[in-house]
Amino acid sequence: MTVISWQASVFNTLKSSGIELVAYVPDAGHSLLIEKSRRDPAIEDVLLTTEEEGVALCTGAWLGGRKSTLLMQSSGVGNCINMFALQRVTDIPLVLVVTMRGEYAEFNPWQVPMGSTTEKALKLCRFKVYRVSKEVQAAATVRSAIELAYEKNIAVAVLLSQEMLGPKKW
Amino acid sequence: MVKLTSGSSSEQGLNRRIVVGEIMAGLDDAAIVTGLGSPTYDVASVEDRDRNFYLWGAMGAAVALGLGLALARKDLDILVVTGDGEMLMGMGSLATVAVKSPENLSILVLDNGLYGETGMQQSHAGLGCDLSEVAAGCGIQNSWKISTYGELQEVKTKFQSRGSVRFLRAIVENEELERVMPTRDAVENKLRFRKSIDADGLGQ
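Going line by line, the protein sequences match chains U and C.
Numbers 0 to 169, taken from numbering that gives the first Met the number 0, label the letters of the first sequence in order.
Numbers 0 to 203, taken from numbering that gives the first Met the number 0, label the letters of the second sequence in order.
Keep in mind the hints are simulated off the structure, nothing from the lab.
From a predicted model like this one, the values you see are computed outputs, not experimental measurements.
Careful: at least some of the hints might be erroneous.
Stretch by stretch, here's where chain C covers chain U in the computed footprint (C-beta under 8 Å, at least three residues) [stated by the list, open to error]:
1. 40-47
2. 62-74
3. 87-99
From the three backbone atoms N, C-alpha and C, an ideal C-beta is built for every residue, glycine too.
Looking at chain C on its own, in the form it has when it is part of the complex:
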């Protein structure tokens, strides 16, 4: 058996917080859903906004949760920020998203090829699975892979703009960054989030 060692972990990568900061900067009013682990800290480090909903568990939920939000609120732009490990656990949800193809949904995967929370073990993404190809294969036509700041600038506006659903795989460096921890109280987070998008009066 051949063991793959190539993949994103061996490539030069971007600083994940610069990527998240640049993407969030163009989506001031968007609702943001974060996958558990580093993406939650990354988004919180850029800005702990009322319109952020942070996952601390339910691994694999980020994209499906973002889809539910996108279908419920077509008036809002929805950004999902997650990691390669979390995306791998919810990979089927990319097929589900592609079928619905909501125009207000952007999915950003920060890919360091590693499971950060459990001690930096290599993920399938680090062992050769290309998540941008997976997304494209599922039917998400706007699927990009970036590993340089030039490429980030090139696709940023397209990724942030409405159209068919968008998927961006950003190859990021493996680096230890400060853990900026937002609330772990999901009820508090829910109430704050719903109030910020005026959800309370709907669905009655």
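Looking at chain U on its own, in the form it has when it is part of the complex:
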């Protein structure tokens, strides 16, 4: 139940913040958010084959005048590095919501290298990075990230701590 509650409130925040396109790679942590986006006829939901497509997609959406959000896991941030150049040269708003892996109660050591590099990599790419460790902070932080990105034309990432998400469940 607790997992559902923060995702539902983040989804409501996306809607009330004017987000019209949600791009994603399937992810257990984001599963409810993805499902709600898929079911909402007012949201364009876009299933990506890899996360960097989402950077380009969100850039295109803003060129067309629409706000978007890109959902991914921390491993996906590594896939995006060169594509972030698109945001830097265009000064286009970009909002990432990232579920963290490899940092807490992680059973899979393969998640550790990128998980422990994600925040530093985003900062090197000049993202404003917010960290969320408690469910009650999630929606307000996402709202703040969207406002900042779209008012300042900058890239903002919200990292959802694995401590909050809990161990992976199948």
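Please build the complex by placing chain C on the supplied structure of chain U, with the hints as guidance.
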């Protein structure tokens, strides 16, 4: 191991700027996204329009960016013009496009089978990878390959018309053409582009 040498680079091809000119001529109001390298110069050489958005980097971005634009602006026709090398780097985006299948998106790949920007090395397209088959395999039903002007005339109108998303692989000659360089200032390009399609008042 057998090394493939056949492919688009050995075929008789079209003049890339004639192809781009013919396609752009039927899409006067369309927004155009160009993949880095020669496609950017080709589109700029035909006409440096306000509704052109030129990529000079972010290799592999062209189709996904065009998709974002197509989904954001269903009132506009969107044309992506890119090369075989750039398309190869963003090949997964063809699967992403097929799932959404926006009716206002046309994708033109100028295929010379070579990486032009880095010194004309053969690409996978030049070594046997058929991008029109890739697009069809991803689920883009309107996928064509052309290598003659007759074929260009045959598919041109279908490619430019709305319907399910369209993919056109044009086999083009390997030739050195004048580099017509549009702005490299992406912020200037963005502002000019957004103003031309009245994007500023949206998404508030």
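Legend entry - Violated hints, by number in ascending order, as checked against the structure: none
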